[in-house]
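J.: Given the sequences, and given the hints that come with them, work out the whole structure.
2 protein chains.
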Amino acid sequence: MPDARRYLIFAPGSFVTNGKTAQGVMRYASDQVVAIVDPRLVGRNARDVLSHLRRDAPIVASVAEGLAYGPTALLLGTAPMGGQLPLEWRAEILAAIRAGLNVVSGLHDFLAEDPEFSVYARTYGTEIVDVRKAPDAIPIFSGNVYDVAAPILLTVGNECAVGKMTVSLEIAAAARTAGKNAVFVPTGQTGIMIAGWGVAIDRVVADFAAGAAEQLVLQAARSEPDLIIVEGQGAINHPAYAAVTTALLYGCAPDALLLVCNPSLKAIEPYGTPVLSYRDLISMYEAACAAVKPAHVVGVAVNTSGLSEDDAACAVEEARQQTGLPADDVVRHGSASLYASIAENVKKRAPLRRTSLHVPSY
Amino acid sequence: MPDARRYLIFAPGSFVTNGKTAQGVMRYASDQVVAIVDPRLVGRNARDVLSHLRRDAPIVASVAEGLAYGPTALLLGTAPMGGQLPLEWRAEILAAIRAGLNVVSGLHDFLAEDPEFSVYARTYGTEIVDVRKAPDAIPIFSGNVYDVAAPILLTVGNECAVGKMTVSLEIAAAARTAGKNAVFVPTGQTGIMIAGWGVAIDRVVADFAAGAAEQLVLQAARSEPDLIIVEGQGAINHPAYAAVTTALLYGCAPDALLLVCNPSLKAIEPYGTPVLSYRDLISMYEAACAAVKPAHVVGVAVNTSGLSEDDAACAVEEARQQTGLPADDVVRHGSASLYASIAENVKKRAPLRRTSLHVPSY
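Quick mapping for you: the protein sequence lines, in order, are chains A and B.
Numbering-wise (our numbering), the first sequence opens with residue 1 and increments by one.
Numbering-wise (our numbering), the second sequence opens with residue 1 and increments by one.
It is possible that some hints are incorrect.
No copy is singled out in the list; a pair is fine if it fits within one copy or between any two copies.
The list that follows gives simulated cross-link-like pairs (lysine to aspartate or glutamate, DMTMM-like), each with its CA atoms no further than 25 Å apart [to be verified]:
{"#": "1", "residue 1": "Lys133", "residue 2": "Asp109"}
{"#": "2", "residue 1": "Lys180", "residue 2": "Glu317"}
{"#": "3", "residue 1": "Lys266", "residue 2": "Asp310"}
{"#": "4", "residue 1": "Lys133", "residue 2": "Glu286"}
FYI, nobody ran anything at the bench for these hints, they're computed from the structure.
T.: Set out below in structure tokens:
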């Protein structure tokens, strides 16, 4: 991992509403965050608007103002709707490059391939890091992941952006506190920014997506950990992104699944696709695994953000009742308890093999 | 669609064993096939070694020999194991370019991006067409496919290379014979070579794979057809390629599924993953659809290649018994009968919408 960066986070108009990357990096990365650019919140601090953050940083109106805090890199988490960079964003990013800042971007459009940004970066001797860019030579899924010794836990969910990365990080932390060598495997742009390695599986060519997921688990296995925890993506019934979910489900070959749900959601938008019940989610995820390598859901991480303390307790209790599994909100209550309840059930399982079926030999 | 080509098919050592593309093009494309390069079969004709082909062509030892038959393009279907082009292949492809042939390739590695091939093509004024190369600007899945008026039929299977493309083409032909305006939607390299349009979904970035599938269906819908038949890919429990299968299952938003199975297969190799039973296949495919847009399996196309007439009849009968659905081998018996049995059940269905669920309004 390179030296820790001093980030100026660029999140105009989106730090609170769409700041998954900004908030994830502030919460978990070893990099510093010196300031946040969001003109709508100027003059306030990060923790004024998001009390759950563990670190604070001033919010400023522009890159120029942020420079006063001595950043070494500009971090872009979220693209505006439509994907195209607005002209005023361009000017701000160029201002950062001119000031000698590196640019770290999680956007689908690679900034390093933009003629203007790349020329500026070369001129001013700074680096553009597109964390979503996948490595060039990803092999097809090989099945070597079936030989990994450590149990593999994959987070799965009822929607995108319900907290699969957060839960994976929190459970990994709890495992380490309990004396286990647990490795977090990042599979999305924010996880990569936090952990300093990984591959954004959603950006890999579909034929190689399971292979990319497998390679990440194999990489994690090299340190001979006690537990591998893979950040999940999407949802098994997400009309747009279920392919990515499936690639992780088969490519990582998990031994156990941890279900991460926001129970307040009713539909996968903008499609109006109904969010599945706990029961249906468990049955769909387990049925998919049962056809390749069996894995059971061992617990439920309930995302109760936005609920009162009472409503949150109800939501967690409801998850317990409906699934018969350990359940908790690991952000609200810490992850030690949920980790302790599931640890014993995260056990190594074998993939299905033809020889294990009762078919006549031929 | 461009003018019909006169193909020299390049399939050294693989015309029979791994010639899915070569055979598909010979069977269905409007392009001519003037000769096949396969040194192991020199002196024989295509129909000597593959009696099911409808067209014949001489088999020759080299590109140089094939030139005598007046080809306008060299067609590469299959890459050798490992993906790298052997040196002797390079020399043959260069010989074709030097002789003024265009090159049409379905390989994952794009020949047009190879420095040597691209320079030669420019020098000799020929064109390199990488049919697997996806268009640049594919949108995320939008849900617009839900508004398509024509019923959408998707072929799904128990493995790769069991005949999903063939069955899709044959059913489309039967529908046309029955007076319907049926459109075949190609989603893989061979289908694209045959139909002259389409996108290889396995080559699309995972996040956009469902979107690419949707765009193809929307494109097919522009001619206001009576029926849209989409070529499926992979299998729902394929450890490497299920992501592609899932992208088609949700991206195409099928109204009905046609199951294509080779019942002789026992495992998905090289993983040893057991092939699912008819019952499990139907339940997995239908469960996936039930979570987004309901679709039922309306029939089974049984691939009985390699079986005797008696064994084939047994295999088809077994499929009927085990599924309670119409079943047939459309290559062996033609597709009119299976099409007639399923046509009535391919009906427009609506996607699940939140409002259709019994949840309290909020």
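J.: Hints the structure violates: just list their numbers, smallest first.
T.: 2, 4
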